[in-house]
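Participant: Sequence:
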Amino acid sequence: MPKSPYDRIAPQYDKGIAKFERWFLAKMRSQVLNQLPAEGRVLELGAGTGLNFQFYPDGGRGVATEPSREMLLVANNKKRPDRVQLVQSCAEFLPFADETFDAAFATLVFCSVVSPERAFSELRRVVKPGGAVLLLEHVRPNGLLGRLFDLMNLITLPLFGDNLNRRTSRLASANGLEVTNVEERFWGILNLITCRV
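The sequence shown begins at 86 in the numbering used here and counts up one residue at a time.
Hints in this document: simulated from the structure, not taken from any laboratory.
For clarity, every value in this text was computed on a predicted model and none was experimentally measured.
For every residue, glycine included, the Cβ atom is placed at its ideal position computed from N, Cα and C.
Treat the hints with caution; some may be incorrect.
Computed list of lysine-lysine pairs in BS3-like fashion (alpha-carbon distance at most 27 angstroms, straight line) [said to hold, decoys possible]: (1) Lys-104 with Lys-163; (2) Lys-104 with Lys-164; (3) Lys-112 with Lys-164; (4) Lys-112 with Lys-100; (5) Lys-100 with Lys-163; (6) Lys-88 with Lys-213; (7) Lys-100 with Lys-164; (8) Lys-88 with Lys-100; (9) Lys-163 with Lys-88; (10) Lys-112 with Lys-163.
Label-pair ranges, simulated between beta-carbon atoms [claimed, not checked]: (11) Asn-227 with Arg-146: 34 to 42 angstroms; (12) Ala-103 with Thr-241: 35 to 43 angstroms; (13) Gln-170 with Met-237: 32 to 40 angstroms; (14) Pro-180 with Leu-239: 21 to 29 angstroms; (15) Gln-97 with Val-199: 17 to 25 angstroms; (16) Gly-215 with Asp-92: 30 to 38 angstroms; (17) Leu-158 with Trp-272: 17 to 25 angstroms; (18) Gly-215 with Arg-154: 28 to 36 angstroms.
Taking the hints into account, I'd like the entire structure generated from these sequences.
Facilitator: Structural data, given as structure tokens:
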């Protein structure tokens with residue numbers, strides 16, 4: 086697998102995001118995982134350093150994927166349910182059979198996915214029909230703030246591979262997922278997007 090831009094920031098990632106976790110992200114992560122089915126096999130896309138593991142149900146089972154080897158090394162040292170495996174994989178090419186999972190989720194992932202269209206196609210393939218797909222993403226807000234994000238994207242995309250101006254709920258819908266709810270926070274910058282396969 087090619088090197089990820091997140092490999093170099095993996096050792097500092099948790100420290101860099103710690104304030105946001107305390108202020109609001111931890112609560113939003115918990116809100117996402119609380120919507121997952123209590124029973125069933127779950128897929129996490131882009132597990133990063135494992136910041137979601139603390140919110141997994143005790144009996145949780147499934148797979149947490151992450152393209153960055155270095156992020157996975159950090160995640161591997163965090164407590165997680167015994168039946169949750171770590172797998173190095175990108176969202177666009179998931180190494181799982183069709184209809185393997187009862188649900189899937191991603192938090193702050195689709196900003197850096199190279200091909201969201203391909204990733205949504207893969208989610209439709211590996212999640213059972215009727216299964217939930219939950220996304221917590223920063224997105225392009227409306228109005229003047231959206232134009233500012235368009236300008237900032239000219240810097241963040243080449244530097245970090247981070248798209249500040251993605252319209253993730255539109256992309257999910259356009260690529261075959263049924264978007265059932267979009268909850269906007271912080272002037273529309275953060276979205277909790279609920280979908281069905």
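Participant: Each hint should be assessed against the structure and marked as holding or not.
Facilitator: Hints, one by one, checked against the model:
| no. | hint | in the structure |
| --- | --- | --- |
| 1 | Lys-104 with Lys-163 | 19 angstroms, holds |
| 2 | Lys-104 with Lys-164 | 21 angstroms, holds |
| 3 | Lys-112 with Lys-164 | 19 angstroms, holds |
| 4 | Lys-112 with Lys-100 | 17 angstroms, holds |
| 5 | Lys-100 with Lys-163 | 15 angstroms, holds |
| 6 | Lys-88 with Lys-213 | 31 angstroms, violated |
| 7 | Lys-100 with Lys-164 | 18 angstroms, holds |
| 8 | Lys-88 with Lys-100 | 22 angstroms, holds |
| 9 | Lys-163 with Lys-88 | 22 angstroms, holds |
| 10 | Lys-112 with Lys-163 | 19 angstroms, holds |
| 11 | Asn-227 with Arg-146: 34 to 42 angstroms | 39 angstroms, holds |
| 12 | Ala-103 with Thr-241: 35 to 43 angstroms | 20 angstroms, violated |
| 13 | Gln-170 with Met-237: 32 to 40 angstroms | 36 angstroms, holds |
| 14 | Pro-180 with Leu-239: 21 to 29 angstroms | 34 angstroms, violated |
| 15 | Gln-97 with Val-199: 17 to 25 angstroms | 23 angstroms, holds |
| 16 | Gly-215 with Asp-92: 30 to 38 angstroms | 36 angstroms, holds |
| 17 | Leu-158 with Trp-272: 17 to 25 angstroms | 35 angstroms, violated |
| 18 | Gly-215 with Arg-154: 28 to 36 angstroms | 34 angstroms, holds |
The structure is inconsistent with the numbered hints 6, 12, 14 and 17, although it conforms to all the rest.
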